[in-house]
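Below are the chains, spelled out letter by letter.
Protein chains: 2
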Amino acid sequence: MIKVERLLINYKTLEEFTNFRDYGAAELSMKDDLNQSIVENDSESPFYGIYYGKKLVARMSLYQIDGDFDQYFDPPQDYLELWKLEVLEPYRGKGYGRALVDFAKEFEIPVKTNARQSTGDFWSKLGFEPITYREERDRGESPYVWFPSGVYEQKKPKEKQSQE
Amino acid sequence: MIKVERLLINYKTLEEFTNFRDYGAAELSMKDDLNQSIVENDSESPFYGIYYGKKLVARMSLYQIDGDFDQYFDPPQDYLELWKLEVLEPYRGKGYGRALVDFAKEFEIPVKTNARQSTGDFWSKLGFEPITYREERDRGESPYVWFPSGVYEQKKPKEKQSQE
Numbered sequence: 000m001i002k003v004e005r006l007l008i009n010y011k012t013l014e015e016f017t018n019f020r021d022y023g024a025a026e027l028s029m030k031d032d033l034n035q036s037i038v039e040n041d042s043e044s045p046f047y048g049i050y051y052g053k054k055l056v057a058r059m060s061l062y063q064i065d066g067d068f069d070q071y072f073d074p075p076q077d078y079l080e081l082w083k084l085e086v087l088e089p090y091r092g093k094g095y096g097r098a099l100v101d102f103a104k105e106f107e108i109p110v111k112t113n114a115r116q117s118t119g120d121f122w123s124k125l126g127f128e129p130i131t132y133r134e135e136r137d138r139g140e141s142p143y144v145w146f147p148s149g150v151y152e153q154k155k156p157k158e159k160q161s162q163e
Numbered sequence: 000m001i002k003v004e005r006l007l008i009n010y011k012t013l014e015e016f017t018n019f020r021d022y023g024a025a026e027l028s029m030k031d032d033l034n035q036s037i038v039e040n041d042s043e044s045p046f047y048g049i050y051y052g053k054k055l056v057a058r059m060s061l062y063q064i065d066g067d068f069d070q071y072f073d074p075p076q077d078y079l080e081l082w083k084l085e086v087l088e089p090y091r092g093k094g095y096g097r098a099l100v101d102f103a104k105e106f107e108i109p110v111k112t113n114a115r116q117s118t119g120d121f122w123s124k125l126g127f128e129p130i131t132y133r134e135e136r137d138r139g140e141s142p143y144v145w146f147p148s149g150v151y152e153q154k155k156p157k158e159k160q161s162q163e
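Same order as they appear, the protein sequences are chains B and V. Using numbering that gives the first Met the number 0, the letters of the first sequence correspond one by one to residues 0 to 163. Using numbering that gives the first Met the number 0, the letters of the second sequence correspond one by one to residues 0 to 163.
Fair warning: there could be bad hints in the mix.
To be verified - Derived BS3-like pairs: lysine-lysine, alpha-carbon spacing no greater than 27 Å straight-line:
no.	chain 1	residue 1	chain 2	residue 2
1	B	Lys154	V	Lys30
2	B	Lys104	B	Lys93
3	V	Lys30	B	Lys30
Simulated from the structure, these hints should not be mistaken for laboratory data.
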């Protein structure tokens, strides 16, 4: 039984994060916030993960995007952006990646991710589909999405709204 | 003398692209458009590259973002999003990466990129700076920017605009 947990922001979690290849501004920002007491120790993070014993061996980040900004789904609605999905090398092939993605799907709203090179097969096996690439929206990403029942790809770009 | 060229969309260019690690939806979409005659052979692409003899050995993509959507710079203005910067392995350390980035800076508008893990030093050497991470804007990216003179980091998030 694989258990997915919401990760807490504390020095132990942030130390575990350094084991992951995709470590960058998001993690450093959390560390800064903790150092400067902008967030409390053990407050909730946008990360979810799987522990093997006491070691964090897989993680992902989930962020709910407001339906007002939805450019992917029809009808437009709140959806989850999933990123930084990563399983540490020695722990791959044990279903941890799948467990994390299944966890995201349980929210029963659409999920969008950016498939890195050569991970398309992984996403397809989990029920995700590549959608039509649009330069002005996707800017080099490879968007893969998961549709709950009754949700489709947003075909026509919304009219560009002036922000004046 | 290193020459940076705007790349043309044709089957030769698209074949060259398969040598790069970061090959994905953007490239496949260009191929589809060419196959379906949605774009003409030899039309301009968002890619710029460097040839060594007849071989494409380095490339990047540039896309101009409308100032109405600028969340990075003060004053808000048109800027360049730079991505898919990549030099083929045997051609690294010869200044090709720098030549591409210098080319982008010559437009004299701000440049924004997403620095992959452990490329921060490269960007810093080229005059880029990491900017404050904002979860709702950056979603896991590590934004690095280059400021032309008189341009600063946009400090306050713009008020969220309703798109109703």
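Taking the hints in turn, this is what the structure says about them:
With a C-alpha separation of about 20 Å, the suggested pair Lys154 of chain B and Lys30 of chain V falls inside the 27 Å cut-off, and the hint holds. Taking the CA atoms of Lys104 of chain B and Lys93 of chain B, the gap is near 19 Å; set against the 27 Å cutoff, the hint holds. At roughly 43 Å between alpha-carbon atoms, Lys30 of chain V and Lys30 of chain B are farther apart than 27 Å, so this suggested pair is violated.
Hint compliance for this structure: hint 3 is the single one not met.
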